[in-house]
Amino acid sequence: MTEKITWDKSHLLGLKDLSREDIEIILNSARSFKEVSKRQIKKVPALRGKTVVNLFFESSTRTRTSFEIAAKRLSADLVNFSSNISSLNKGETFLDTLKNLEAYSVDMFIVRHAHSGAAKYLSENTSASVINAGDGQNEHPTQALLDMFTVQENLGQLSGLKVAIIGDIFHSRVARSNIWGFSKFNSDVWVCGPTTLIPKYFESLPVKITYDMKQALDGADVVIMLRIQNERQQSQFFPSLREYRQYFTLGEDKVKFLKNTALVLHPGPVNWDIDISSSLKSRMQPLILEQVTNGLAVRMAVIYILMEKRHYEFID
Amino acid sequence: MPYQEKQKLLKDETINKVLQRISYQILEKNPDPKQLVLVGIQRRGVFLAQRIKNIIDKLEDIDMALGAIDITLYRDDLTVIGAVPLVRETNINFDITGKVVILIDDVLFTGRTIRAALDEIMDFGRPKRIELAVLIDRGHRELPIRADFVGKNIPTSEREHVVVRMQELDGIDEVLLFEKKDD
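Chains as they are written, first to last, in our numbering: chain A, 1 to 316; chain B, 1001 to 1183.
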């Protein structure tokens, strides 16, 4: 009858650093937080008087909005900071910006940055909690957590699954976070994409590599389609979109390899007809929107757990 | 600091008899049971609520609405107890506006849990009235809160601790008094 729940982390930097138990604590809590958004008054007073700063050095609307709504539903005060309209343009350094904000007694920073490791660097230089909302090509932990939450809700489990991640693996922090997350539950993670978009060092990760969609989709329980990130493509990684489409777009010709029960996820925004064929839109979109709803619940859970941190021992 | 069992306050069948009495008292005070909805506080309050529902449903031949709330997100003492529990499910999937809500918990102590529960219920609508039923009232209130229906009043000292065990969760029905032991 005694249930001890311990959480000793002040920051969420990536799923690589979390244990399976940590992930379970977050996903279990997220289930309760999902209910809050269904109430008539969609707000709880849990984090009254806490200040959260959305520190975004890279463009984002969905993730930023999701974190903003999550913090507000918990009654925290949230401030949005966007690098393109800030004093960074006047030459202020990253750390000086941080220290200035910290002078307002900020309790939590939610940071997105184009450089891998930015969130970690921030966490080493602040007494506030830090959530990584995407750092370069490293990790995007809350996206993977919401993917896992969606899978758990729909399939009832996270273990023993075949998870195929398809598309631009090279630039994808979502892929990396999902690899760490799902592999901790003993699921088989596959990555699939053009040879130029799967880095060599992935051979050292807990992941299987294929360049053939059929092999990736065959028997898969979960398929995570990634977006071709045109904004990050400084050089050409494949000859043409037309060619990419032929091999890697999830269309009628490839969907037939999938099991009936397979879930198709996408972190959004979807490039229809490049990532997924628009003929599958009516079939695929409901689950992708469910991911957005789940993302809010997962982010509420993460903000709450980190904020009410650091070491809990609860006797039930 | 370890706790040591001191006394068995209620056991087995007594608990069900107490719940029978509370159910009759609820009906006595509320002649129109169709107005009633039950809300149990996680976790044992939910099981107590379920048992009271079974009793009243049978007596009145009705099917009362039953909800559960977790008050974790409404607490005022997180930093004091230095411990945060898993946030459990809140489930009130019926309209409480205009209804008489019977709020049910196992042990009434400082009253802070009830304060939190009252705030939370208000966020779901505007009930006509909220009444409180508890299995044990152990005193030591820190807020002006009292129960409308009490299973058993047990004066305790601050060093004591009341533990309610229920069949549904613990495999046994009993209420025990523990006392803090100095090492």
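Careful: at least some of the hints might be erroneous.
Chain B stretches covered by chain A per the calculated footprint, using a threshold of three residues with CB under 8 Å from any CB of chain A [to be verified]:
hint, segment
1, 1053 to 1067
2, 1119 to 1126
3, 1151 to 1158
Simulated crosslink set (DSS-like; lysine-lysine; CA at most 25 Å straight-line) [claimed, not checked]:
hint, chain 1, residue 1, chain 2, residue 2
4, A, 99, A, 9
5, B, 1128, A, 43
6, B, 1008, A, 42
7, A, 208, A, 281
8, A, 38, B, 1128
9, B, 1099, B, 1029
10, B, 1128, B, 1034
11, B, 1017, A, 43
12, A, 38, B, 1099
13, B, 1128, A, 42
14, A, 9, A, 90
15, B, 1128, B, 1017
16, B, 1152, B, 1011
17, A, 9, A, 38
18, B, 1008, B, 1128
19, A, 16, A, 214
20, A, 72, A, 43
21, A, 72, A, 90
Hint data in this document are derived by calculation from the structure and do not stem from the laboratory. Note that the structure is a prediction, hence the values are computed from the model and not measured. No residue lacks a Cβ here, since even glycine has one placed at the ideal position from N, Cα and C.
Going through the hints against the structure:
{"no.": "1", "hint": "1053 to 1067", "verdict": "violated (count 0)"}
{"no.": "2", "hint": "1119 to 1126", "verdict": "holds (count 5)"}
{"no.": "3", "hint": "1151 to 1158", "verdict": "violated (count 0)"}
{"no.": "4", "hint": "99(A) <-> 9(A)", "verdict": "holds, 22 Å"}
{"no.": "5", "hint": "1128(B) <-> 43(A)", "verdict": "holds, 22 Å"}
{"no.": "6", "hint": "1008(B) <-> 42(A)", "verdict": "violated, 43 Å"}
{"no.": "7", "hint": "208(A) <-> 281(A)", "verdict": "violated, 28 Å"}
{"no.": "8", "hint": "38(A) <-> 1128(B)", "verdict": "holds, 22 Å"}
{"no.": "9", "hint": "1099(B) <-> 1029(B)", "verdict": "holds, 14 Å"}
{"no.": "10", "hint": "1128(B) <-> 1034(B)", "verdict": "holds, 13 Å"}
{"no.": "11", "hint": "1017(B) <-> 43(A)", "verdict": "violated, 39 Å"}
{"no.": "12", "hint": "38(A) <-> 1099(B)", "verdict": "holds, 20 Å"}
{"no.": "13", "hint": "1128(B) <-> 42(A)", "verdict": "holds, 22 Å"}
{"no.": "14", "hint": "9(A) <-> 90(A)", "verdict": "violated, 35 Å"}
{"no.": "15", "hint": "1128(B) <-> 1017(B)", "verdict": "violated, 29 Å"}
{"no.": "16", "hint": "1152(B) <-> 1011(B)", "verdict": "holds, 12 Å"}
{"no.": "17", "hint": "9(A) <-> 38(A)", "verdict": "violated, 29 Å"}
{"no.": "18", "hint": "1008(B) <-> 1128(B)", "verdict": "violated, 38 Å"}
{"no.": "19", "hint": "16(A) <-> 214(A)", "verdict": "violated, 29 Å"}
{"no.": "20", "hint": "72(A) <-> 43(A)", "verdict": "holds, 7 Å"}
{"no.": "21", "hint": "72(A) <-> 90(A)", "verdict": "violated, 31 Å"}
Going through the hint list in order, the structure does not satisfy hints 1, 3, 6, 7, 11, 14, 15, 17, 18, 19, 21.
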